[in-house]
Amino acid sequence: MKIAVCIKRTPDSESRFRIAASSTAIDETGLKFDIDDFASYAVEVALQLNEKQGPGEVVVYAVGPDAVQETLRKAMSMGVDRAVQLKTDSVPYDGLAVAKALAAELAGGGYDLVLFGKHAFDTSSGVVGTATAELLGIACVTAATKLDIANGKGTARRELEGAAETVEFSLPAAVTIDEGIARPRYPSLKGIMAAKKKPLETKPAQLGDVRITVKALQLPPDRPAGRIIGEGAAAVPELIRLLQTEAKVL
Amino acid sequence: MANVLVFAETRGVALRKVALEATTAARALADATGGGEVHALVAGPPGVGAVAEQLGKHGADVVVVVEHAGLANFNCEVAAASVAARVKGASYRAVLLGFSAQGRDVGPRVAVKLDAPIVADVTAIQAATGDSLIVQHPGYANKVIATLEVKSPLAVLSVRPSAITAQAAERTARVDTMAPAADPAASRVMVKEVVEGGKGKIDLGDAPVIVAGGRGLKAAENFKIVEELAAAFGNAAVGATRAVTDDGWRPHSDQIGQTGRQVSPQLYVAVGISGAIQHLAGMRTSKTIVAINKDKEAPIFKVADYGIVGDVMEVVPALTKAVHEAKAGH
Ligand SMILES: Cc1cc2nc3c(=O)[nH]c(=O)nc-3n(C[C@H](O)[C@H](O)[C@H](O)COP(=O)(O)OP(=O)(O)OC[C@H]3O[C@@H](n4cnc5c(N)ncnc54)[C@H](O)[C@@H]3O)c2cc1C
Ligand SMILES: Nc1ncnc2c1ncn2[C@@H]1O[C@H](COP(=O)(O)O)[C@@H](O)[C@H]1O
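As you go down the protein sequences, you meet chains A and B in turn.
Counted the way the numbering used here counts, the first sequence spans residues 21 to 270.
Counted the way the numbering used here counts, the second sequence spans residues 3 to 332.
Just to be clear, a hint being listed does not mean it is correct.
Taking lysine-lysine pairs in the DSSO-like style, the calculated list, with each CA pair at most 27 Å apart, reads [to be verified]:
id	chain 1	residue 1	chain 2	residue 2
1	A	K107	B	K153
2	A	K268	B	K203
3	A	K173	B	K115
4	B	K153	A	K235
5	A	K268	B	K19
6	A	K210	A	K72
7	B	K115	A	K107
8	B	K220	B	K115
9	B	K194	A	K173
10	A	K268	B	K115
Honestly, the hints are just simulated from the structure, not real lab data.
All chains, please: the whole structure from these sequences, using the hints.
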């Protein structure tokens, strides 16, 4: 199968974040960046599908500045065949604008499947995948925790609130990948060497109008410092009293 | 004066709670922009129109009912096409919906069909002037709160479940019926099977109390004590850490945290959970946090309003008993 995976470069989620002096961006000093978590699961899913189904091609796309080249190379070191950077100075918060850039490039690419993360760590929106699918006029399944392709048709499982559903869909399709479906592999040394020679193409991104802008970023208010009220079962009566009188939740 | 359209999601013929929350947000937005109307669209099997009364009580002036036998299961393509068709035939300032499994599907499709910008997972609509909306949206797994400006005469906003409290705003909604704007039988994606999580089970997003268990429980069967504590509260759902869902002790859908569900219940009880930053990302906005852990240095105690240092196998059953007694009025 011919599979495209759209990947975003995001900071390591374990980082402590500070807001930059501009107050509209995070301070990037000292942050480590990598393929966004959910998108890295999508890369793994694409590689596994083709390993199972026989020869095909996996291509990764990233919209962003030159720094995304490192992210694209990382995907190629995992086994992706080639990469395309859609170059912009910065990635807007406006998911529809990003989707337009991706769709313009993916249209006519002949992909059976286009994979995305369920949402990106930084924007946490889950907009880009579904919007790209709609722009391409193809089927879309969001937040898949299982994915199978057979006889030109797809089957996926998705978690709903308090329920789960199985869906069937036609190809070509876009699928956004949830956690639990596949653990991303670590690049082998051989993979890292091979990735250096794989093709990475750079083209200007045809972003749509950017109509969403960041006015301010803030860190959420800290919770009051935690308090240990006691040890063992002996502390239970005090906990009940606090839940009744102070927290008023019982 | 500007009207606001809500996609009011249902499962079967029942409204979901987030539909009323989106209606409340729409009411506030319509009022803030000079007293426009709130229209709510529902799409489902015959009989779904009965939710019009409930929507009216929460501020909907008009309920647009799309009923079709082919809509027994949620159908994203029909829902999105119908919402877009309704907007195209009228004049709306915004389309609101929930940031839920359905809303994640419908929102971006509607945005594309209408070429309108979309902000997902909105926790507050702060201002509306002319073509500008100012909204709040948590990013970076809740570690950063973004204030965003959306500049467009029409915007799509999906609201975070439970971030906005549904409020009564008594009206008798006029009902408008509409045929599905796409053929339900021709969808590219078809739901084949829905597996409900269990009868009477409260969803994590709706539960006022969550009791969550971590690896400190040592084995899948010990989750029984978590379930018993949840049952004692009566209005509680059971959650888990990734360590637990990875080991298959609980389904992935129970996972709370950065890559799981994000919840803010009134009370969160963390049982044998270390409090890793990725777990905190999903529950740190809970109103009151209780933690039970045998290690007094566990990071969970830094955010817990009330911590008990001890063995979960000893403390939890004692707490379950005490909650039963407190409920019985001892
Ligand atoms: C990209 C990424 C995303 C992630 N997303 C999530 C997520 O969404 N949700 C999530 O939860 N995690 C997530 N994680 C994993 C997270 O980092 C932690 O590994 C996980 O939360 C730990 O789960 P735990 O607290 O159950 O286990 P542990 O960290 O192993 O903690 C167990 C705790 O139980 C205590 N304990 C042991 N025995 C007892 C006893 N008898 N009585 C009382 N206490 C006892 C121990 O003191 C310890 O504190 C993510 C990690 C990464 C890298
Ligand atoms: N700048 C980008 N370049 C490539 N893919 C992206 C980009 N932004 C988002 N995506 C993809 O879209 C998914 C959802 O992103 P979002 O809608 O921003 O939450 C991500 O997991 C990626 O798969």
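Holds or violated: K210/A and K72/A, Cα atoms, limit 27 Å.
Given that 27 Å is the threshold and the Cα spacing comes to 21 Å, the pair holds.
Hint consistency between K268/A and K115/B [alpha-carbon to alpha-carbon, up to 27 Å]
47 Å, violated
Is the Cα-Cα distance between K107/A and K153/B 27 Å or less?
24 Å, holds
Does K19/B sit within 27 Å of K268/A, going by the straight-line distance between their CA atoms?
Holds: K268/A and K19/B sit about 24 Å apart, inside 27 Å.
Run the distance test for K220/B versus K115/B: straight-line Cα separation, threshold 27 Å.
Roughly 50 Å separates the two Cα atoms, so the pair is violated.
Satisfaction of hint between K115/B and K173/A, Cα-Cα up to 27 Å:
25 Å, holds
Sort out whether K203/B lies within 27 Å of K268/A, counting only the CA atoms.
Answer holds: K268/A to K203/B is near 24 Å, not above 27 Å.
K115/B and K107/A were given as a pair; does the straight-line alpha-carbon distance stay at or below 27 Å?
Holds, at roughly 26 Å.
If you draw a straight line from the CA of K194/B to the CA of K173/A, is it 27 Å or shorter?
13 Å, holds
Are the Cα positions of K153/B and K235/A separated by 27 Å at most?
12 Å, holds
Of the numbered hints given earlier, the model fails hints 8, 10; all others are met.
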